[in-house]
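Protein chains: 2
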Amino acid sequence: MLSKNKIKFINSIKKKKYRDAHQKFFAEGEKLVDELLKSDAEISTIFATNEWLEQHQQIIDKKSITSYLITNEELKKISALSTPNKVLATIKIPEIKYNKTEIAQELSILLDNVNDPGNLGTIIRIADWFGIKNIFCTKKSVDLYNPKVVQATMGAIFRVNVHYINFQELLHDFYDNNDFIIYGTFLEGNNIYHEPLSPKGFIMMGSESHGISQQWEPYIQQKLFIPHYPDTKKTTESLNLSTATAIVCSEFRRRLF
Amino acid sequence: MLSKNKIKFINSIKKKKYRDAHQKFFAEGEKLVDELLKSDAEISTIFATNEWLEQHQQIIDKKSITSYLITNEELKKISALSTPNKVLATIKIPEIKYNKTEIAQELSILLDNVNDPGNLGTIIRIADWFGIKNIFCTKKSVDLYNPKVVQATMGAIFRVNVHYINFQELLHDFYDNNDFIIYGTFLEGNNIYHEPLSPKGFIMMGSESHGISQQWEPYIQQKLFIPHYPDTKKTTESLNLSTATAIVCSEFRRRLF
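Protein sequences appear in the order of chains C and F.
The opening position of the first sequence corresponds to residue 421 in our numbering, with each subsequent residue numbered one higher.
The opening position of the second sequence corresponds to residue 421 in our numbering, with each subsequent residue numbered one higher.
Just chain C, same shape as in the assembly (with noise of 0.2 Å):
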């Protein structure tokens, strides 16, 4: 049974304003709650229809948490999706820390005011392919625990540590780093297939419609372009923003092997 209440409680966590206030969120979904009980993520409550509760009972008990039965008609009440699927699991927002000599070994990626919540998934979804740990947003970023963003990142959000930061410090902080560079993708950079990559430093990107700010731009020490096929053709074309990270990840990487 579900109360008035609950239902309230969860619709309202939809929006970020009461995210902040209660310190909550939510995911659904079979898959992303099985990623969700593999990670370490505090889980508040879980909604459920009979057969998920059946199929998982065992780790419900061992993990002690509180779950409801519900049935699909009141799943259809708190659920984002359009195909509601089984299970919903209310989680305590974590703090997210990093730490600063850690980062100084590693490629984090930086997101300038990324705005589509599909993108900001399917980036944090990339980001834990390729075993990078760190992403680095503007404050001005979509909220990492938008409904449509836990979504799209299929669960890696559970293994991916994002940040929502001041850019002005964090860039500040490692410009002057040994070996560490901080990169962008430009419409001028040079062609990032023939570029030496490191596999220390920061790799930005800009937002949907405005690339990365002019403010930044001082910070850049390697410009860097995906090169369309074939180079000479004249187009008005572009690439999504998570399609550009992806290919962008998947280059850096590639060195390594």
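In short, the hints are calculated from the structure, not lab data.
Some hints here could point you the wrong way.
The list treats identical chains as one, so a pair stands whether inside a single copy or across any two.
[Unchecked claim] The calculated DSBU-like cross-link candidates involving lysine-lysine, where the alpha carbons are at most 30 Å apart (straight line), are:
| no. | residue 1 | residue 2 |
| --- | --- | --- |
| 1 | K451 | K643 |
| 2 | K497 | K568 |
| 3 | K451 | K512 |
| 4 | K496 | K553 |
| 5 | K496 | K517 |
| 6 | K520 | K451 |
| 7 | K568 | K435 |
Here the structure of chain C is known, so what remains is to put chain F in place on it, guided by the hints.
This is chain F only, laid out in the frame that chain C set:
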């Protein structure tokens, strides 16, 4: 002024059944309609706000396109976007053919039951960027003229040819071609970064949920895999279909630079 009949007609062609019956689809928004006006596509009618019409009067007259001045309120009644954007155009569905001799000399993408409109649209945009002129889809794939597909292409739909075809016949036709290789992406494939890749061939991508159907496996001459990093880690993650397609196409084209 937008008549009730016109509203009804445009809303009907949001569905494949009516697009097929009328042989019409629509594209909307400034960017997409600008790309449309640059293309050879046969525009039936344009519905636009005063602001858009004033800016485009010259080309509308030059191309002798029937246009209607509508208000933002009227645009909302026909748009498929959450934020309608100034203009919507109805377009005649073109007859799309391919030439076997040309296909034999080029790289094309094969999509085995692509389901998600956003994925198909994004893959068309990727093909456009990388100079891949033809995409072949199984007949069960999502329809090219679904408004979400059209929108996700960002105009690339007017430059890339998408064919719905019987794969059995297509694969049979090209299987024995000289210097022509049929590639497929598989979890047990070879590291794509180290494989020889031909500029003539088919790249087959599986569906979002089922990968490449078993029935096409006998035709696949080279199995490819995008390695995650580090390649020793155990993970449950995956890449989104359009993300994987982007990385694969980038790697094929990189070899030509």
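Going through the hints against the structure:
no. : hint        : result
1   : K451 / K643 : between (38 Å within a copy, 27 Å between copies)
2   : K497 / K568 : both (17 Å within a copy, 25 Å between copies)
3   : K451 / K512 : within (19 Å within a copy, 41 Å between copies)
4   : K496 / K553 : neither (34 Å within a copy, 42 Å between copies)
5   : K496 / K517 : neither (35 Å within a copy, 44 Å between copies)
6   : K520 / K451 : neither (33 Å within a copy, 42 Å between copies)
7   : K568 / K435 : both (11 Å within a copy, 25 Å between copies)
When each numbered hint is compared with the structure, violations occur for hints 4, 5, 6.
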